[in-house]
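Novice: Just so we're aligned, residue 1 is where the sequence shown starts under our numbering, counting upward by one.
Heads up, some of the hints might be wrong.
[To be verified] Label pairs and their computed distance ranges (CB to CB):
1) N27 x V7: 50 to 60 Å
2) L15 x F35: 41 to 51 Å
3) L32 x L11: 24 to 34 Å
4) L25 x T4: 30 to 40 Å
5) L34 x T4: 36 to 46 Å
Bear in mind the hints are in silico, worked out from the structure with no lab data behind them. These numbers were taken from a predicted model, which means no experiment stands behind them. All C-beta atoms in this analysis are idealised placements derived from N, C-alpha and C, irrespective of residue type, glycine included.
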Amino acid sequence: MLSTGNVRLDLSAKLAYFLRQIDILLNSAGYLHLFALLVAH
Numbered sequence: 001m002l003s004t005g006n007v008r009l010d011l012s013a014k015l016a017y018f019l020r021q022i023d024i025l026l027n028s029a030g031y032l033h034l035f036a037l038l039v040a041h
């Protein structure tokens with residue numbers, strides 16, 4: 001039982017990290033997009 005709990009915790013930690021990386025990438029893309037729009041005008 002303890003091992004399955006550890007595996008689940010590890011998976012949720014990996015998922016949280018993965019989602020955070022995606023969030024950072026999306027924020028960076030959003031800033032780049034705004035910057036591109038400013039430069040275009």
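Novice: Now tell me if each hint is right for this structure.
Specialist: Evaluated hints:
no.	hint	in the structure
1	N27 x V7: 50 to 60 Å	violated (31 Å)
2	L15 x F35: 41 to 51 Å	violated (30 Å)
3	L32 x L11: 24 to 34 Å	holds (31 Å)
4	L25 x T4: 30 to 40 Å	holds (31 Å)
5	L34 x T4: 36 to 46 Å	holds (45 Å)
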